Amino acid sequence: MASIELDRVSKRFRTSVALDEVSLRVASGETVAIIGPSGAGKTVLLRLIAGVEDPSRGSIAIDGADMADVAPERRGIGMAFQNFALFPHMTAFDNIASPLTAREASPDEVRRGVESVAKLLKIERVLDHYPRALSNGQKQRTALARALAASPAILLLDDPLRNVDAKLRFEMRLEFERLLSEQGATTLYVTQDYREAMALGDRIAVMDEGRFIQVGTPETVYFEPASTDVARQFGDPTINLMAAAPDSDASGDFAAIGGVRFGLPSGAVAAAKGRDCLVGMRPEALNFEDDASGAFAVEAVTPLNEKIVTLVAGSDGTELLVSRPSHEAPRRPGEKVSLRIAARDALLFARDDGTRIDVGAARIGS
Amino acid sequence: MSAATLVLDRVDKIYNVGGARPVHAVRAMSLELSPGEIGALLGSSGCGKTSTLRMVAGFEEVTHGSIALAGRPIQAEPPARRNVAMAFEGYSLYPPLTVRDNIAFALKSQRIDAAQVERRVAEVAALLEIEDILGRHPSSLSGGQQQRAGLARALVRDAALHLLDEPMGQLEPRLRAVLRGRLKHYIKERGLTVVLVTHDQTEANALADRIAVMEDGELQQFATPATLRDRPANRFVGAFIGEPPMNLLPAEARAEGQGVVFDLSRDARLSYAPGEVTAPVRDVVLERGRVIIGVRPHAIRLSDAGFSARIVANQWIGDQSHVAASFSGGSVVVVQHERVAARSGERIGLAVEARDLHVFDADSGVAVAHGEAPA
Amino acid sequence: MQHQSTFERVLRGVLIALVLVFFMFPIVWILLMSFQTNEQILRIPPSLLFEPTLENYRALITGRLETHAGTLDIRFMQNLWNSLILSVFSVALALVLGVPAAYAFARFRFRLGEDIAFTLLSFRFAPPLLVLLPLTLYFQDLGLSDTYVGLVWVYQLICLPLILWIVRGYFEDMSPDIEHAYRTAGHGWLTTFRRISIPLTAPGIAAAGLLAFIFAWNNFIFALVLASADKQPVTVGALAFVTASGIQYGQIAAAIVLSITPTLALALYAQRYLVEGLSLGAVKG
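Chains as they are written, first to last, in our numbering: chain D, 0 to 365; chain E, 4 to 378; chain P, 13 to 297.
If you are wondering where the hints come from, they were derived from the structure by calculation, not from laboratory data.
Any given hint could turn out to be false.
Said to hold, decoys possible - Only pairs whose alpha carbons sit at most 20 Å apart, straight line, appear in this in silico DMTMM-like list of lysine to aspartate or glutamate:
no. : chain 1 : residue 1 : chain 2 : residue 2
1   : D       : K166      : E       : E169
2   : E       : K191      : D       : D164
3   : D       : K121      : D       : D65
4   : D       : K166      : E       : D219
5   : E       : K111      : E       : E126
Said to hold, decoys possible - Calculated from the model, a selection of chain P residues having no Cβ within reach of chain D, i.e. all distances over 12 Å:
no. : residue
6   : L44
7   : E63
8   : D158
9   : M186
10  : D189
11  : I190
12  : E191
13  : G198
14  : W201
15  : P211
16  : V237
17  : L276
To be verified - Taking beta-carbon pairs under 8 Å as the criterion, some of the chain E residues facing chain D (in silico):
no. : residue
18  : A71
19  : A209
20  : H301
Computed from a predicted structure; not experimentally measured.
Glycine included, C-beta positions come from ideal geometry on N, C-alpha and C.
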């Protein structure tokens, strides 16, 4: 087990800054999911920790020991690459065995080590295959087995499910939970899929343009996103963000959207301080109410796997997405509906810089 | 020329005919697409969908069978004479031409007047959000931009049939979601007949009127997305359509009074009181005995009335909980729209309502019943 | 491509035959000549029917050339041996120097890196005669002229740029992640270079080596100027067949056949390495 400390780590390339003063502490045994668009610096960060590239500035420490002069092979790290990076001239067995042979294990230990991790990942049958004879899923598992084989104290997983199909991705995501907890390693899990990040991360670090824009538990990131950028990355379909000026009257704080009043958490108007705002409403937080005189008209109804996504439009053309479980009766296009949202589920963002305005209504733990 | 009917009649594709190891890539493929219909060929890699498309386009010879477009057999014609427009999966833009000239190429060679070409290029460029790159050359474009330019080049043409091979595979997920809706609107507005090849069922569902599910060179089912979801023809289609996939559980069906019991294992069972399972379904199911039960993950209810299972993984992703649970007869995946509080290792009870059951024959995998009606 | 009329098929066949005849004819004719005496060769009109003789080969192997003007000693076998030594050692040295250099150019960006690489390539642009005069003078001072070492050194002008530039491309095509994966698995950089980088670029290295070998083998001008008779390769040695009493076509033909045999054998042997795409399936897709 090992902790990782990143202290103001920067990485510059000739024409660009990949990482800009990134700091993070990962506790021993913790899994941190790193999410962000491509080019955000996620992979560079893993490479720096693995030691295959050097930071331009800042320090990386593992278990308190500075890694500046420690070669990658001496850092006790297992890494799975996004493109698998299997050794094409070696069988799956030899691929998985490579971390063990490096540690001068006896042939017997190597065989036992490879077989146990292969069993865990259900690839016992293809151990004598070369990578080119493996399916994408098997390649992915082989790459993962190789990273796990020597039971490293630190696991770096670079979007390991990116290149496998949706079905396998789902299965592997469920499997990873058990795998990671059994390994007990300190894990950094890079992904672009918010589901993987929420499902596997003890904490989530949201990256953009070489910086962390929010680090927190899945609940925090989902319910109290630091900015509209974070809010948009989590959830499918993505959050509705509507320009509105918070207002209040005797019945409380509210925002007028599509010509309709939506209740806001009390204190919203005070917190907004008259700034232009965006009101964020997650599609699944919106409920339909049967109302023949409703202000919204159903425009399109799309079944999306286990849910039904409905696009509705207000009288002024404002469009909102509503997501409901697929066992609820679908709405019909053209139908008039009204919408309701619990006040605490409405988020408030500053319109100019996209940061969330803290209204003080605790969502988490309630 | 306007959109036309496409008919594939018992089409076979065998590679390496007469060679040491002939490969039967497509077997007895028959389907009919009406003018203005969008059909999707959906399947995993190697299922024969791309071979089928290439035979329609004319890049592969048809081994047996016939392909007709607007009633005219085309399988012997060279690609250029088939009046078919195609968007390729890889990038296939002409490198020396700008994106604008690439898109306009076919129109200009048809001697359509310049003003009209200009208008149509602008229209399709706006649709695919590539107006800003019209003046650039393909080599300076990203993969996603090249793919959209290639798609635009195919869509802008007047052809009897448009073939789209994984047209959005290179695009960012967000853009893909936006373009799907617009693309369908554009196609429907012009009444184009389209064959779409994809491995992404969300894309097939969003775009296609009917989907041909292929596996191992054979057509499994050709039907609307709703039919594929609600009445899959066999266990392959059942498991293939839907994300996360349908749970398939081997079971023994037996009568219990007027009710039905499915034994999933020695100590796990789903029992239905008289009337819960309709009489016709009860008859066909009992006649089979050994069956495979298909249940979609969201159709499983957490209830102590059913069988008991141990939670292996419980993942909350904001608006849903995804739960994997194992029991004596195998494992199941459950999707709940509320957050499930139970932790890994704890036991939960699982139940399925009769109307959510899909029953398949244990040997052939052919559907026996769906919910309240026999297949 | 599948939609061909009979006419197209016939036309294609005819064109292929024409090209084949054009390229293969000289080689076949030389092979035939090597089994004929000078008189048979010079007969007009030439005939495809003749009584084959091994006389030419025997003369080459024994080193005694009988002509009308008398007997002439030729050192063809020595020349062949020289060619072999020079080519093998030149390529071996170029591989030892060039492969690590190619790796460095492919993987690391360093000051003047591109300039150095280009300078090495530019050796191939300079006409050899331009450098030969100063080289001869230097070599005489250094005592390198007319030595194998000196020739192998000069041959680096031919072999090194080839190997460097071809192998560099192969290293660049190989994903660095594969090396990184081996490093993080716990192996040092040298082991990684030996076990991963070299085996994965083996087809490229083989191709570059083969090409360098052919160029070295066919070199004429360096050896002509810098080597005396006992260090001469076959390319220069062949001049001996132009004798006072005429040109010995039969022996020349036999000498050509013998001298292309090693390169041909090597090319056939290396073919499987050249074709084999080891890198397939290494990464996704």
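Discussion item. If you test the structure against every hint from before, which numbers come out violated?
Written reply: 2, 3, 9, 10, 11, 12, 13, 14, 15 and 18
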